[in-house]
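Visitor: If you want the building blocks of each chain, they are given just below.
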Amino acid sequence: MSPAAQAPAISNKARRDWRALLTRHEMLLLYVLIAEWLFFYFAGTSTNRRGVIVGFGTWDRQFDILRHSCEIGLLALALTPVIITAGIDLSVGSLLGLCAILFGKLWHDGGLPIPVAMGLTLGIGALAGALNAILITALRLPPLIVTLGTYSLFRGLAEAITRGSITYTDFPENFLFIGQERWLGLPTQAWIFISVALAVGLLLHRTTFGRAFRTIGLAPEGARYAGLPVERRLALVYVLAGLIAAIAAIIYTARLGQAKADAGTGYELFAITAVVLGGTSIFGGTGTIPGTLLGVAAIAVLKNGLACLPVVMRLNAAEEMSGLLTGALLLVALTASVLPKILSNLRPRRHTTTQSTPPLSP
Amino acid sequence: MKNPLLRFCAAGAVLLASLITASAADSKLIVAMLPKSKGNAYFISCKAGADKAAKELGVQLLFDGPTDSNAAKQNEIVENWITLGVDVITVAAENKEGISTALRKAQKQGIKVLTYDADAMADSRSFFVNQATPQGIGQTLMDEAARLVGEEGEFAMIVGSLTAANQREWQKYVEARLKEKFPKMKLVAVRPCDDLKDKAQSESTALLSANPKLKLIMAICSPGVPGAAEAVKQAGLTGKVKVMGLGLPNENKRYVHAGVTDSVILWNTGDLGYLTIYAGVALAKDELKKGAKSFKAGSLGTFAIEGDNILLGKPFIFNQGNIDQFDF
Amino acid sequence: MKRYFRELSVVGALLAVLLGLAWFAPAFFSPQPLLSLVTREAPTLVVACGMACVIITRQIDISVGSIFSVCSVCAGLLVARGWPLELVLPASVGLGALFGALNGFLVAVLRLPSIVVTLATMVTLRQGLNLIRQGEFVNLPDRVQWFGLSQTAGQLVLVGAALGLLVALAWAMRHIAAGRYLYAVGTDAEAARLAGIRPQLVTLLVFVFIGALTGLGAMMNLAQSPQVQPLTGNGLELKVIAAVVVGGVAISGGRGNLWGAFAGLLLLACVSPALTHLHVEAYWEKAVQGAIILLAVVADGLRSRQNNR
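Note that the protein sequences, when read in sequence, are chains A, B and C.
So that you can map any letter, position 58 of the first sequence is 1005 in the working numbering, and since no number is skipped, the others follow by simple counting.
So that you can map any letter, position 250 of the second sequence is 891 in the working numbering, and since no number is skipped, the others follow by simple counting.
So that you can map any letter, position 206 of the third sequence is 572 in the working numbering, and since no number is skipped, the others follow by simple counting.
FYI, nobody ran anything at the bench for these hints, they're computed from the structure.
Any given hint could turn out to be false.
SDA-like mimics (lysine to any residue), calculated; alpha carbons at most 25 Å apart, straight line [unchecked claim]:
| # | chain 1 | residue 1 | chain 2 | residue 2 |
| --- | --- | --- | --- | --- |
| 1 | B | Lys-813 | A | Asp-1056 |
| 2 | A | Lys-1052 | B | Lys-696 |
| 3 | B | Lys-881 | C | Leu-515 |
| 4 | B | Lys-931 | B | Gly-794 |
| 5 | A | Lys-1052 | C | Ala-653 |
| 6 | B | Lys-894 | C | Gln-517 |
| 7 | B | Lys-854 | C | Pro-392 |
| 8 | B | Lys-926 | A | Pro-1257 |
| 9 | B | Lys-714 | A | Tyr-988 |
| 10 | B | Lys-894 | C | Asn-505 |
| 11 | B | Lys-856 | C | Leu-400 |
| 12 | B | Lys-714 | A | Lys-1288 |
| 13 | B | Lys-827 | C | Leu-644 |
| 14 | B | Lys-696 | A | Arg-997 |
| 15 | B | Lys-746 | A | Trp-1130 |
| 16 | A | Lys-1288 | C | Phe-471 |
| 17 | B | Lys-856 | C | Pro-397 |
| 18 | B | Lys-930 | B | Thr-943 |
| 19 | A | Lys-1288 | C | Arg-564 |
| 20 | B | Lys-696 | C | Arg-499 |
| 21 | B | Lys-813 | A | Ser-1112 |
| 22 | B | Lys-856 | C | Phe-395 |
| 23 | B | Lys-696 | B | Ala-945 |
| 24 | B | Lys-955 | B | Lys-926 |
| 25 | B | Lys-825 | C | Leu-644 |
| 26 | B | Lys-749 | A | Asp-1056 |
| 27 | B | Lys-856 | C | Arg-564 |
| 28 | B | Lys-746 | B | Thr-943 |
| 29 | B | Lys-827 | A | Ser-1112 |
| 30 | B | Lys-854 | C | Val-404 |
| 31 | B | Lys-930 | B | Ala-763 |
| 32 | B | Lys-881 | C | Val-404 |
| 33 | B | Lys-693 | B | Lys-926 |
None of the values given here were measured: they were computed from a predicted structure.
Whole structure, please, built from the sequences with the hints as guidance.
Guide: Structure below.
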């Protein structure tokens, strides 16, 4: 082929890439996020009696949103590789609780200095993740069920250890700094969140590990035939999830200044919602960290923005509304993601591309 | 705009934009009230009293809280109110230490802070509207239980959850009172019901058959009392095993009338809400200051102040004779 | 015998627990309290039957708890308004089926993953109910409890109805084409399609079915006490999924039966009263339940490894 003929082909391809980029799931989510943010900025900001600007459009509010989404954000980061490998981990919220009270116990009852306790807690998180990993890889058990079991087990252990009642408090100021103060302009824990996001992002998008995860998610058997150490890669994903849950536990403890057995109850649902909203396929194989981050942001902005709307305030229903809309948002996002395919399937020949009903992923 | 998703988003954005309503700059005082959990009947009746007070005083009342008891959510809601610039924040603290950081932040921004129902750290609020100390509740519960069974025999407790701070506190004082005053009584089991009435019923049924000598069930969470009563009724032990606990009149009326439940203990939650709002507004208007000895709250009259505790008075005991006078 | 090894081992574990109880805490078997405890599980059994069908078809439904709550509250409000039970029962079943149809539509027609779809409907329904009811109890008229029968008669009717449904469904799963379709679709949907089954339709209907059963379960729960708490279905989904899985229904579809699910449910339902009878402190309950679930899945894993060898 002559060079002259090649040029238009390239520019065509470039144009197609550009359009593909603009209509990618992440970009769409970004538009939604911006629209959402602008809406709340205009509708949720006002001037109060004393003439001070209050509500959504204040820096304080924005930092609060960031601060409040760090733990769920971390769990979402932990779940992204898991879901990409077509797995799931329901136990992360319970593990957060277990790690939080073990951290408290190590520091308070064990008399260990905070950094040592932190290190041990991270180790415990990784160990708990390893328990999931062993059951899932060595015994080839479905992750949904394994982690459903450890979901009860970890929370149950946390309650048994503290007999439900013990709450560890009185943490030193310099530890609380992690959860309650600002450092270099941002809430301190945001820096930890950003570093973990970068690390997981690099792992997923810039190393062969990431490619292995995707391959395993698409076709585990194929991956095995291609010579990938499927078991070891899968184990890595769950250990990583445990480790990140432990980090989230420490941040949670620092933000509230207390460690208690009910820490993180129900967080796994929000985290899964964020990951799926971010475009990670629950069947495995595709998903990105930027997508997950956008998903977390979309939920956090919705949740916090609603509480600033005068209408919602008058109804006294911020909590319920945000739950309701998060669920609805997830349904809409899911439907929207398959709608083009369904429509194009409907119009021409109907029976050519009949697929089997998607199986339950894990 | 070929992509349906894109079209959908555009339509959504237009819709959202059209929804924007300029929030009228309200010149009313804004009082925010945070319950431990919103769905709890206890706090619903609290809100009824608060609404009444807000109407009388002409202030705007914000009432929001976690849908289940959750310390982390409480902090998030308070922090939201700070940026909304409310004038007064009143809090029933799920966790003492946890909430106090947020409350101190509110005070720094010039927002008046009160606690009610469950206190936070003393330096993070101006006053605590004290409906009854945990000690008082524990003692009242235990004394009433002892009275019902003639100060001897076995009894069991149903608690909301194993982790809720106030439940643990009450349980502690019940046990302390038991040890100190009633040597012939024995606490044989403590079971959680997850704030579910149905679970309380199953747990009580098991308790009844596991402990044939059981004389009384004490439920210290509001769904627990009707649950335990239903179990006793179904076991045909009405009158033989007494049921009592902390609860609301409406949920227990039928069991009290049927003679299953003997007494339901509650401070008047409506009054608690009413008093809290009055105190909050007085605080914001600088009518209530540190060191005051008493405080007048609208139609309820004057309340004593002890240190920085505004005292609502003794817990109230509902029984067959008086329960029909109350509707909440 | 070997074919049902998995189910039989659950029955064995159940028997072991019961034997232990008979030895250490014979009071557990006094008839009246036992009947009450069993009656409390009757609605759960009905929902678990539906869940077994859904999981055999290789799907999952985690919205049953929320649907259960919504049906309970709606039915309670209708009864309180004076509707006769004969009308409320179909209304509740119909409402459940309607929510089931919504789930089924999203899963079967739009081909969305059931775990995410039902997660979303779960959250949406639960929060919607919170928004409207704010946790307030619904007080029912006296005629509702036990359908106006005596207590023991009412309990026997409820337990009988649940067991009858179980027997009928278990029979249908083996002997009626529709029952076998579930296994076919759960094992290999494409093969089922080639064999002339319409997997999409089967999936849709199985969701409608579990929705209807959930509505029925809500009614069976309603008839047991004179009040409805809007939180009543909280946690139900995990309870039934755990029961079904412990009972040997494979989460990967196509394997297991209702009798196993029944045994699994009884085993898990025993834990809490057994701990009470053995005077073990309540703090251990969740950990014990988690351990049983893990044990069951580990057994599954070991067995499938052996089979592969």
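Visitor: The structure should be examined with respect to each hint, and the outcome stated for every one.
Guide: Now for the hints, and whether the structure bears them out:
1. B:Lys-813 to A:Asp-1056: The given pair, whose Cα atoms are some 21 Å apart, holds under the 25 Å limit.
2. A:Lys-1052 to B:Lys-696: Not satisfied, since the Cα-Cα distance of roughly 48 Å exceeds 25 Å.
3. B:Lys-881 to C:Leu-515: Between Lys-881 (chain B) and Leu-515 (chain C) the Cα gap is close to 24 Å, so the pair holds against 25 Å.
4. B:Lys-931 to B:Gly-794: Violated. Lys-931 (chain B) to Gly-794 (chain B) sits at ~47 Å, over the 25 Å cutoff.
5. A:Lys-1052 to C:Ala-653: Within the cut-off at roughly 19 Å; holds.
6. B:Lys-894 to C:Gln-517: holds, 20 Å
7. B:Lys-854 to C:Pro-392: holds, 15 Å
8. B:Lys-926 to A:Pro-1257: Distance of about 24 Å is within 25 Å: holds.
9. B:Lys-714 to A:Tyr-988: OK: Lys-714 (chain B) and Tyr-988 (chain A) at ~22 Å, within 25 Å.
10. B:Lys-894 to C:Asn-505: holds, 10 Å
11. B:Lys-856 to C:Leu-400: Holds, at roughly 20 Å.
12. B:Lys-714 to A:Lys-1288: Judged against 25 Å, a Cα distance of about 39 Å means the pair is violated.
13. B:Lys-827 to C:Leu-644: holds, 17 Å
14. B:Lys-696 to A:Arg-997: holds, 22 Å
15. B:Lys-746 to A:Trp-1130: holds, 17 Å
16. A:Lys-1288 to C:Phe-471: Holds: Lys-1288 (chain A) and Phe-471 (chain C) sit about 16 Å apart, inside 25 Å.
17. B:Lys-856 to C:Pro-397: holds, 20 Å
18. B:Lys-930 to B:Thr-943: holds, 15 Å
19. A:Lys-1288 to C:Arg-564: Satisfied, since the Cα-Cα distance of roughly 20 Å is no more than 25 Å.
20. B:Lys-696 to C:Arg-499: Holds - the C-alpha atoms of Arg-499 (chain C) and Lys-696 (chain B) are around 23 Å apart, at most 25 Å.
21. B:Lys-813 to A:Ser-1112: With a Cα-Cα distance of about 10 Å, the restraint between Lys-813 (chain B) and Ser-1112 (chain A) holds, given a limit of 25 Å.
22. B:Lys-856 to C:Phe-395: Holds, at roughly 20 Å.
23. B:Lys-696 to B:Ala-945: At roughly 24 Å apart (the allowed maximum being 25 Å), Ala-945 (chain B) and Lys-696 (chain B) satisfy the hint.
24. B:Lys-955 to B:Lys-926: violated, 28 Å
25. B:Lys-825 to C:Leu-644: holds, 23 Å
26. B:Lys-749 to A:Asp-1056: Between Lys-749 (chain B) and Asp-1056 (chain A) the Cα gap is close to 34 Å, so the pair fails against 25 Å, i.e. violated.
27. B:Lys-856 to C:Arg-564: violated, 60 Å
28. B:Lys-746 to B:Thr-943: Violated - the C-alpha atoms of Thr-943 (chain B) and Lys-746 (chain B) are around 31 Å apart, more than 25 Å.
29. B:Lys-827 to A:Ser-1112: Holds, at about 21 Å.
30. B:Lys-854 to C:Val-404: holds, 23 Å
31. B:Lys-930 to B:Ala-763: Roughly 15 Å separates the two Cα atoms, so the pair holds.
32. B:Lys-881 to C:Val-404: holds, 23 Å
33. B:Lys-693 to B:Lys-926: holds, 19 Å
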